[in-house]
Amino acid sequence: MRMLINVPETVVADGLRGLAAAHPGLNVDVENRVVVRGDAPVAGKVGLVSGGGSGHEPLHGGFVGAGMLSAACPGEVFTSPVPDQMARAAAAVDSGAGVLFVVKNYTGDVLNFDMAQELAEDEGVQVAKVLVNDDVAVQDSLYTAGRRGTGATLFVEKIAGAAAEEGAPLERVEAVARRVNEGSRSFGVALSAVTTPAKGTPTFDLPSGELELGIGIHGEPGRERRPMMTSREIADFAVNAVLEDLQPSSPVLALVNGMGATPLLELYGFNAEVHRVLAERGVPVARTLVGNYVTSLDMAGCSVTLCEADEEILRLWDAPVETPALRWGR
Amino acid sequence: MLDADFFLRWMNALADAVDREAGRLTELDAAIGDADHGTNLQRGFTAVRAALEKDAPDTPGAVLMLTGRQLISTVGGASGPLYGTLLRRAGKALGEEAEVSRAQLAEALRAGIAAVAQLGGAKAGDKTMLDALEPAAAALDESFAAAREAADEGAAATVPMLARKGRASYLGERSIGHQDPGATSSALLVGALEEAAR
Chain U
0 MRMLINVPET
10 VVADGLRGLA
20 AAHPGLNVDV
30 ENRVVVRGDA
40 PVAGKVGLVS
50 GGGSGHEPLH
60 GGFVGAGMLS
70 AACPGEVFTS
80 PVPDQMARAA
90 AAVDSGAGVL
100 FVVKNYTGDV
110 LNFDMAQELA
120 EDEGVQVAKV
130 LVNDDVAVQD
140 SLYTAGRRGT
150 GATLFVEKIA
160 GAAAEEGAPL
170 ERVEAVARRV
180 NEGSRSFGVA
190 LSAVTTPAKG
200 TPTFDLPSGE
210 LELGIGIHGE
220 PGRERRPMMT
230 SREIADFAVN
240 AVLEDLQPSS
250 PVLALVNGMG
260 ATPLLELYGF
270 NAEVHRVLAE
280 RGVPVARTLV
290 GNYVTSLDMA
300 GCSVTLCEAD
310 EEILRLWDAP
320 VETPALRWGR
Chain W
0 MLDADFFLRW
10 MNALADAVDR
20 EAGRLTELDA
30 AIGDADHGTN
40 LQRGFTAVRA
50 ALEKDAPDTP
60 GAVLMLTGRQ
70 LISTVGGASG
80 PLYGTLLRRA
90 GKALGEEAEV
100 SRAQLAEALR
110 AGIAAVAQLG
120 GAKAGDKTML
130 DALEPAAAAL
140 DESFAAAREA
150 ADEGAAATVP
160 MLARKGRASY
170 LGERSIGHQD
180 PGATSSALLV
190 GALEEAAR
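Protein chains in written order, with numbering that gives the first Met the number 0: chain U, 0 to 329; chain W, 0 to 197.
If you're looking for bench data, these hints aren't it; they were derived computationally from the structure.
Take these hints with a grain of salt, some might be off.
[Stated by the list, open to error] Here's a subset of chain U near chain W, in silico, CB distances under 8 Å, partners left out:
#, residue
1, Leu-110
2, Thr-143
3, Ala-144
4, Lys-198
5, His-217
[Claimed, not checked] Stretch by stretch, here's where chain W covers chain U in the computed footprint (C-beta under 8 Å, at least three residues):
#, region
6, 70-76
7, 98-107
8, 228-242
Ideal placement from N, C-alpha and C gives every residue a C-beta, glycine not left out.
Required output: the full structure, derived from the provided sequences and hints.
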């Protein structure tokens, strides 16, 4: 194991201390594991709180700031945060206008956010919740824990964040968040397994010359394993898997996301293939984002997320945002 | 009859077992989950040990309630709320009695198990902790040893199962052939009961 760490036990705390040092505009509580935008609570504004296991950086701490999240709760590596963190975050960002929890659909995240909602409501904070479940690789979702939340989380956080920044009330922020999730689908591919600091060895054995199709973001194996494919073939497979489930009635937002260890040169090349398939399928692309946004530690690979973007969603997407990892228009 | 000391011995024996088996639990989790089950439980039970030492509760119910609360506040993931709920609900069912019978403990565990099933939406056969806990709670009416055996058998029986809940469910058919980490840690919980009774 060669990692830029001290000891596995302090990886999350060390990362948070570094985040704080790089972004003085954030209020980082290292001990309680809560990242809050420096000017919270903003009077009259709905608070947006998300969180999940660490190891997906910049998600979620990197998306805290004006126009996006009010606070983020990082858990241990690949482990959801605990209810105390989320309740604390909710209290820190609530201006009286209520708080929206953005929750990725994983059993641990769902259970802990449910408990946090109870705690926050006991303290008089009005809480709504939206569940992100965009991963089409999970097919028989009636018989499993349901579709995972992956890349669409970024779309939900950006667009609902913009609505909140405009002063929309809680029910409207919740409604737009739900609409973004319902119009979004993702598919991911792994070219290598992931090594968590605590375990120190790859979580699964992926021989060179093979890839995993249909992965999530926790280093879990995917839907099937195949001999290595070209970027062109992977784009065909991934985009078609998404479009099997989503027939966009408007232009789409496209996210070509790196899983952490794939260089931007490859991601841009893959993006070219994604645009080619979408053009062949007659799906216009309104905006494209390429980069490492919802990662899985040192995993190589990528995911594609498409989101139907009507005029309102497009306007909210283009609205100014100022966070460590996403910023434009200000 | 079982007093608060017995319950403290139980929780400490469980913390020891988790320390001992953390590596194996994480290995099992790496196969079908996300490789953190042992690490997470170890973090939780380290906090439990400290809390019980600092302020030892004086009833069986209070020992389980405090343990459950600590797990919820420190473990995260699915195992924090699930184990936390199991023990908190069982503790609540025991009420404020200073001593309880093994039958009362079995009854309380069944209440905790029902709460876990409701929270996670799982049932026996879904390849979860319930596959070890349900048979163990049934056998507890007979003896601690019978409960431990039933839990171990229940955990082993998850190997050929198809996971329906939790992270492993995403693997579908590929989850078959691996023992469920949650059922394995549940067997540790029941095994620690037998140790505390010695």
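Hints versus structure:
| no. | hint | result |
| --- | --- | --- |
| 1 | Leu-110 | holds (4 Å) |
| 2 | Thr-143 | holds (4 Å) |
| 3 | Ala-144 | holds (5 Å) |
| 4 | Lys-198 | holds (5 Å) |
| 5 | His-217 | holds (4 Å) |
| 6 | 70-76 | holds (count 3) |
| 7 | 98-107 | holds (count 3) |
| 8 | 228-242 | violated (count 0) |
In this structure, the one hint that does not hold is number 8.
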